[in-house]
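Engineer: The lines below spell out each chain.
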Amino acid sequence: MILRPDFSRRFFASVLPLMYKRLLPIVFSAFVFLLAWSLVARYSGIPNFILPSPLSVWTRFLRAVNDGSLAYHTGITLSEIVLGLIAGVTIATILGYLLAKSRSLEKILSPYIVASQAIPVVAIAPLLIIWLGDGILSKAIICALIVFFPVLVNTIVGVRAVPAALYDLMNSLHASRAQILWKVEAPASLPVFLGGMRVGATLSVIGAIVGELVDAQSGLGFLLRVGDFQYDTPMVFVAVFTLISLALALYGVVRIVENRFLKWQG
Amino acid sequence: MIIGCKSKMSASILAVRGLSVVFSTENNGLHALDSVSFDVNSREFVCVLGPSGSGKTTLLRVLAGLIPPTSGSFKFSGGEQPSIGMVFQQATLMPWRTVTENIGLPLEVGKVNQTVAREKIRDMIELVGLQGFEDSLPRDLSGGMAQRVAIARALIHDPDLLLLDEPFASLDAMTRERMWMELSRIWQARQKTVVMVTHSINESLFLADRVLVFTQRPGKIKMDMEVDLPRPREDDIRYLARFGELARQLRATIE
Ligand SMILES: Nc1ncnc2c1ncn2[C@@H]1O[C@H](COP(=O)(O)OP(=O)(O)OP(=O)(O)O)[C@@H](O)[C@H]1O
Ligand SMILES: [Mg+2]
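Protein sequence lines correspond, in order, to chains A and B. End of the first sequence = 266 in the numbering used here, gap-free, step of one. End of the second sequence = 1255 in the numbering used here, gap-free, step of one.
Mixed in with the good hints, there may be bad ones.
[Said to hold, decoys possible] Cβ-Cβ distance ranges computed for the label pairs, FRET-style:
hint, chain 1, residue 1, chain 2, residue 2, range
1, A, Pro163, B, Ser1042, 30 to 36 Å
2, B, Ser1142, A, Gly252, 33 to 39 Å
3, A, Val226, B, Ser1136, 39 to 45 Å
4, A, Tyr167, B, His1031, 49 to 55 Å
5, B, Ser1037, A, Pro163, 31 to 37 Å
6, A, Tyr167, B, Glu1080, 17 to 23 Å
7, A, Ser110, B, Gly1110, 19 to 25 Å
8, A, Ser110, B, Gly1018, 22 to 28 Å
9, B, Ser1052, A, Ala164, 17 to 23 Å
10, A, Arg260, B, Asp1236, 51 to 57 Å
11, B, Arg1251, A, Arg160, 42 to 48 Å
12, A, Arg260, B, Ser1052, 53 to 59 Å
13, B, Gln1081, A, Pro163, 22 to 28 Å
[Stated by the list, open to error] Here are the computed lysine-lysine pairs in the DSSO-like style, where the Cα-Cα straight-line distance is at most 30 Å:
hint, chain 1, residue 1, chain 2, residue 2
14, B, Lys1111, A, Lys101
15, A, Lys263, B, Lys1192
16, A, Lys107, B, Lys1192
17, B, Lys1192, B, Lys1111
18, A, Lys263, A, Lys107
It should be emphasised that the hints constitute simulated quantities derived from the structure, not laboratory data. Since the structure is predicted, the reported quantities are computational estimates derived from the model, not experimental observations. Just so you know, even glycine gets a beta-carbon here, dropped at the ideal spot from N, CA and C.
Next comes chain A alone, as it looks inside the complex (with noise of 0.2 Å):
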């Protein structure tokens, strides 16, 4: 293929704006932390398995890819976040629409709910795991109970936004119910149920590591334990960046759907 003489004047007029302006903070900010980083591990005499160098960290790194270690493990946990977020989402959106739609019902329930939020999950996390085990499943319910209340507040706080005039218009052409579901209230109320979303996809994260750190024989939170007691500490580092790339990733997720549904808030 023969490219244009142009062509790399243009291809670097339209991404070096864009680098300039929002890769090169980042990659410089990253690059002055690994450089501290670095210089005190090295000359504060602070010992290897108390604050390991980056190279060690990323050797150890290297080591966990090559021998797929960290792969298995990441796929336990990123399941475990998947799972709990299908399932916690889906329920409290659910529910939430029905509070929403029913002063009643909202009456009835909203004591329990509150209540059941002055549980922290991080104290039950024990009970969860003796009654079901182990397991993915007890972590994914632990995931699902964390994200189930910041999603279910933004679907309530969402359907309840949506204007009485658009009501009144779906009425007046004799619209379903469905109908009014599907073009009004999901599409009205998006933007508060995604802003609840990022909050929950950042708190799952936390929901299943906190559950394997209680008792797992897999996934990151299985590595933490085990860098910490081996004083494998370069280990311990790999999996808290594993962790937060995941957090990220998930919050990155959110932010594209946000961007792909929400053009018209501008």
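For this one, chain A is given, so just place chain B with the ligands on it according to the hints.
Structural biologist: Okay, now just chain B with the ligands, sitting in the frame of chain A:
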């Protein structure tokens, strides 16, 4: 020659009898409409004129089936609720839908075939002069443009009954008079029955067969006036002596 002067024999399509609406408020009921009775004939253009707060919007909302009357009744001949095109006092567009999608909403709700719908929408966009804005979002429209989208949306599904709540209030004078002509034309071509709320005496005389004048709250019918001006009504109709007479009568009744 007088064209399009309708026969007074045409059948009543809407019968409103003793309609009252009382809104329940904390202290005591707010009486918005007080035993309003009138008939609308098929294909008739009726304007409702009255001071602010006299229950004009409330009347339209009752007719659209959005609120139940406290007492009294209204009946469409044929029994069932007819299909309704409504233009609200505010444009009431869906901010996530483009102009095209907003106008097409009634067709979507009525599950009209997409190819047919696209064509109708194109014609309607031309009618209200929004060419070039098909894919714009409501946030990028002026108030007048948004109202034109709302008018197009009310007409697109060819409803039996048009309920218009001050549809031209936010338009500039030029566009407003052009829309009068357009509405007149559509009304004659498509043989619609129209109930339109307005604050403007000129507007009602340009468009209506009959004008109902409401009193201050609670809204009662103070006058039911036949507009016996020739059709089609062009811009220069306002210089007719009869136009002036009717306008004076209306003004006197309102004040
Ligand atoms: N949902 C409601 N609840 C309580 N009061 C209402 C409600 N809707 C209207 N009202 C009251 O009923 C009266 C009539 O209102 P309406 O909107 O019908 O007046 P209008 O003639 O359309 O006035 P305008 O010309 O200003 O639009 C007003 O006093 C208003 O405050
Ligand atoms: Mg009004």
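Engineer: For the range 19 to 25 Å, tell me whether the beta carbons of Ser110 of chain A and Gly1110 of chain B fit it or not.
Structural biologist: The hint (19 to 25 Å, Cβ to Cβ) is violated, given that Ser110 of chain A and Gly1110 of chain B are roughly 38 Å apart.
Engineer: Starting from Lys263 of chain A, check that the Cα of Lys1192 of chain B is at most 30 Å away, please.
Structural biologist: 38 Å, violated
Engineer: Take a look at whether the Cβ-Cβ distance between Val226 of chain A and Ser1136 of chain B falls inside 39 to 45 Å.
Structural biologist: Distance hint for Val226 of chain A, Ser1136 of chain B is violated at roughly 58 Å.
Engineer: Could you see if the CB distance from Gln1081 of chain B to Pro163 of chain A stays within 22 to 28 Å?
Structural biologist: Roughly 23 Å apart at Cβ, these two residues keep to the hinted range, so it holds.
Engineer: Per the hint of 51 to 57 Å, is the separation of the Cβ atoms of Arg260 of chain A and Asp1236 of chain B within bounds?
Structural biologist: 54 Å, holds
Engineer: Quick check on a hinted range of 53 to 59 Å for Arg260 of chain A and Ser1052 of chain B, using CB atoms only.
Structural biologist: 44 Å, violated
Engineer: Assuming the hint says 31 to 37 Å, is it satisfied by the Cβ distance from Ser1037 of chain B to Pro163 of chain A or not?
Structural biologist: 33 Å, holds
Engineer: Do the Cβ positions of Ser1142 of chain B and Gly252 of chain A conform to the proposed distance bound of 33 to 39 Å?
Structural biologist: 37 Å, holds
Engineer: With the threshold set at 30 Å, check whether the alpha-carbon distance from Lys107 of chain A to Lys1192 of chain B stays at or below it.
Structural biologist: 47 Å, violated
Engineer: Looking only at beta-carbon atoms, does the pair Arg1251 of chain B, Arg160 of chain A fall within the given range of 42 to 48 Å?
Structural biologist: This hint holds: roughly 45 Å between Cβ atoms.
Engineer: Does the hinted range 22 to 28 Å hold for Ser110 of chain A and Gly1018 of chain B at CB?
Structural biologist: 43 Å, violated
Engineer: For the pair supplied as a hint, Lys263 of chain A and Lys107 of chain A, confirm whether the alpha-carbon distance does not exceed 30 Å.
Structural biologist: Since the Cα atoms of Lys263 of chain A and Lys107 of chain A sit roughly 36 Å apart, the hinted pair is violated (cutoff 30 Å).
Checked against the numbered hints above, the structure breaks hints 3, 4, 7, 8, 12, 15, 16 and 18 and satisfies the rest.
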